[in-house]
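Colleague: These are the residues of each chain, in order.
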Amino acid sequence: MSAVSPSSASDAIIACDGLSKHFGGVRAFTDVAFQARRGEVTAVIGDNGAGKSTLIRCLVGVHVPDAGSIVFDGREHPFSNPDGARKAGIETVHQNLALIDELTVAQNLFLNRELVRRIGPFAFLDRKAMKREARSMLSRLSINVPSINQRVRRLSGGQRQAISICRAVGSGAKLVVMDEPTAALGVQETANVEALIRRLREQSVSVILVSHNFDQVRRLSDQIWVMRAGKMAATVRASETSGNELVALVTGAA
Amino acid sequence: MRIFNGLTLGAGLLATIVSIPAHAEDAAKVAAIVKGLDNPFFQTMQKGIEEQAKADGVGVTVQAAANMGDATGQADRLTAMALQDFDCYLVNPISVSNLVQALVPVAQKKKPIVNIDSTIDAEQAKAAGFAVSTYIGTDNVAAGALAGEEMLKLVPKGGKVALVAGIVGDVGSNARIKGFKQAVEGKLEVVVMVSADWDREKALTAATDILAAHPDLAGFFAANDIMALGVERAVQTSGKDVKVIGLDGIVDALKSVAAGELSATVAQYPYVVGAMGVEACKAAVKGKQLPAYVPAPVLLINKDNAEASLKNFPRPGGEYPDPLREMLK
Amino acid sequence: MSNPTNNAPAAHSAGAPEESRPSLSALLLDPSFWADWASVVGLVGLVIIFGIAQPVFLSVANLQALLLASAILVVLSIGQTFVVATSGIDLSLAAAVMFGAIVLGLVNAAGYGILIACVLAVLATSAIGFLNGLIITVGKIPDFVVTLGTLSAITGLGLILSGGEPTMVGSTFLLKLASGSFGPFGYPVWVAISAVIVAHIALYHTRFGVHLLATGGQTESAGALGIRTNRVKIAAYTISGFCAGIAAILLVARIGSAEPLINTSLLLNSVAAVVLGGVSLFGGRASILGPAIGALMLTALVNGLTLLSVSAFYQPLAVGAIVVLAALIMRYQK
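Chains as they are written, first to last, in the numbering used here: chain A, 58 to 311; chain B, 440 to 768; chain C, 22 to 355.
It is possible that some hints are incorrect.
In silico BS3-like links for lysine-lysine, alpha-carbon gap of 25 Å or less [unchecked claim]:
1. K197/C with K548/B
2. K694/B with K592/B
3. K550/B with K768/B
4. K592/B with K742/B
5. K468/B with K679/B
6. K565/B with K592/B
7. K197/C with K550/B
8. K565/B with K486/B
9. K197/C with K565/B
10. K493/B with K565/B
11. K679/B with K596/B
12. K549/B with K197/C
Stretch-level coverage of chain C by chain B, calculated; a stretch enters the list once three of its residues show a Cβ under 8 Å from a Cβ in chain B [to be verified]:
13. 190 to 201
14. 267 to 276
15. 316 to 330
Since the hints were derived computationally from the structure, they do not count as laboratory data. A quick note: this is a predicted structure, and the numbers were derived from the prediction, not measured. Quick reminder that beta carbons are idealized off the backbone N, C-alpha and C, glycines included.
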């Protein structure tokens, strides 16, 4: 179980090997191998402090790993900043930093990749096109919001999360990384966001999902990676595991 | 834009319907604009304008800038008054040029412009196509010289004196300091000159430092009374016998002189400047030819005449020459 | 502009979603409506009151004079708006105007052409704004402290350069700028109108505008989404400096000389106009028309009170009362 076997590397959207990260004297994780397959939902679970957040941050360019390699979409990276990772095709859905309250739904969906019309040396926002696109992006994922002209401040937590996911997917990203997407949501809203993630899976979007909810992970993902005390402890197919096994892997009782 | 067109149209209509009530009496109406009213000097000037207007049966409206730096605000207010039906404009500009453009419509209506206290630059006025009817103001150099002569009487020959000026580069301050220096040239030693921005607290601080640096200092001259009072406080604290002379003649300074604190002050009479301005306006409206320059009185106030001055304040303690009053007789 | 219902700024700041249009009475009872439209309501109210009390107020000549008088403040309010939209504040604005005027005066007096003098004045004030932004973002020092420091520093620099003396600027170009007119408005009014249009387009029709509001709304989130918030902030302060430069040219044209004096009421009124214009002091929410009308309203207030022969003592009181009232209403905006 503990042996981590990267299968054929070619169908991996992202793969890393021998990855280590330290903060001063504090070890976040050492010698980690991890990969996510194209078109699958890959989950990373682990206890608090197991190193999963830091690992994810290394993948999306927030941190630069001290050692090891990351191969994204067949090319060697690491990215030195989130912008580079985003340009390469990795979109992150942050826990709290996803949306700008004072902007509208449409503005948020296109933030920092606005559509423009060029007139001479000037570039003006193509607001009509963005609204049209925004509507179709939302309907493609069956997301309901009162209006795309509504300020995000007035939306519920679930709607906000759905919009940030839609934003990440709609950017044409090759890989969408979600950090605890339902942590702050109620039961009904969690169900809605889970349904959205399932639709992404049906549409073969590559997703990395960080969660501590084992049931959710089993419901939503194809492959599950378990981190424990700064190491990659195990990886299992979601269909072949049970909740009890996951608990055992996370706590090290196995 | 449409809103503005509508407004302008509505304005035109309203203006025609509500025609301005005609004044039956032939009393002249005077518009006066002075510098910031945050200074007692200009408050007194305003009082002089209003009381003289009352005495002469002249209608008057006094406006002022928001503060001494509000050059454009003063121009805006004058522009607004220029639209109204005044017979004469009494102006005390913040700078030599800030009111020039606002006075153009006044000049076009051929209304007399009486310039008081601070001058308007004659060349700029000429370029804008007008000239002021008269200028009424105090000669700051002469006032400074009066202070210098009094200082010569108060301190021993060759004594050390310090000068406290107003804002750096201020024309009035420069002239006062110049007059003082001319009067004491070769007779007293000017050891230092500082700028205290017309501010009492800054003057106090500066004077404290100067007293520490020059223990044998005999006298201070401050370019206005506010600063002189600050200096006097510093002198009192030091316990030394240092003479302090101010300039302006505000009430606090007169009281201080009467109480034997300030040694003297040179009184200018903003009240008289304002009052003479109204007289000039009245004369101009009557079609009299005004002299180009009318000097306003200055008077040295020391312990001998401080009480009398206080009693008469804000008018001078005695008679003063007033060519405009003669003209109106 | 071709599609007025589509996210027009008015609909924007009204914050009313298109699906649920509240009834008029509900709208009138909603304090946030009054907060968003404070400047317009105030201006209309003043026009009515002054118009009745003093018919001269509504004369064409006075309205033209009023617009002319408001031009400088309008331009400054636009600059302040960009900074406030990033949840900052530019306290050095009035000092920058003074500094720009001094540069203009000295360059002109040194015998260079008036156009070069104007360009250098604008460059100088823009550089001040850029420096403000740089110190605030890179140095991570609160905007309040930095611009207060700049206020004092450039005041000193202005005094040093000018020797404390006013410099005459007898340029026919500036005289024309100040007193000439095209159509119904004087040139300074056209300058202000152009500034409003350009700023409006920049705020609502460019990527920069969206990024500005995002930066002001939630700096961290905007950064997480890849917006270079530091650059946006520096740009906002530079725009503020640029506006100060334009205002300096208008000021020198208006008063005919460059004076080393700071008009503090310009700074206070620029902030007041921004508040009256419904711009959130916490950033993220802004309009250009609002502050411009706010500036117009503050000018109309002084103009009207002058026409009514109200003593100058009461005028700052009236301005202060109105601004505090607007700020109080703003609290209900959320």
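Colleague: Are K493/B and K565/B close enough, with their CA atoms no more than 25 Å apart?
Modeller: The given pair, whose Cα atoms are some 33 Å apart, is violated under the 25 Å limit.
Colleague: Quick one, are K549/B and K197/C close enough, alpha carbons at most 25 Å?
Modeller: Holds, at roughly 22 Å.
Colleague: Are there at least three residues in the stretch 190 to 201 of chain C whose beta carbon sits under 8 Å from a beta carbon of chain B?
Modeller: holds (count 4)
Colleague: Check whether the Cα positions of K550/B and K768/B lie no farther apart than 25 Å.
Modeller: Between K550/B and K768/B the Cα gap is close to 22 Å, so the pair holds against 25 Å.
Colleague: Given the proposed pairing of K468/B with K679/B, does the C-alpha separation stay at or below 25 Å?
Modeller: violated, 53 Å
Colleague: Given the hint that K197/C pairs with K565/B, does the C-alpha gap stay at or below 25 Å?
Modeller: holds, 16 Å
Colleague: In terms of beta carbon proximity below 8 Å, does the stretch 267 to 276 of chain C have 3 or more residues touching chain B?
Modeller: holds (count 3)
Colleague: Between the alpha carbons of K197/C and K548/B, is the straight-line distance 25 Å or under?
Modeller: Roughly 21 Å separates the two Cα atoms, so the pair holds.
Colleague: Is it true that the CA of K565/B sits at most 25 Å from the CA of K486/B?
Modeller: Violated: K565/B and K486/B sit about 31 Å apart, past 25 Å.
Colleague: Take the C-alpha atoms of K197/C and K550/B, compute the straight-line distance between them, and say whether it is at most 25 Å.
Modeller: holds, 23 Å
Colleague: Do the alpha carbons of K565/B and K592/B lie within 25 Å of each other, as the hint requires?
Modeller: Distance of about 45 Å is beyond 25 Å: violated.
Colleague: Compare the distance between the alpha carbons of K679/B and K596/B with 25 Å, and conclude whether the hinted pair is satisfied.
Modeller: holds, 19 Å
Hint check: violations occur at hints 5, 6, 8, 10; the rest are consistent with the structure.
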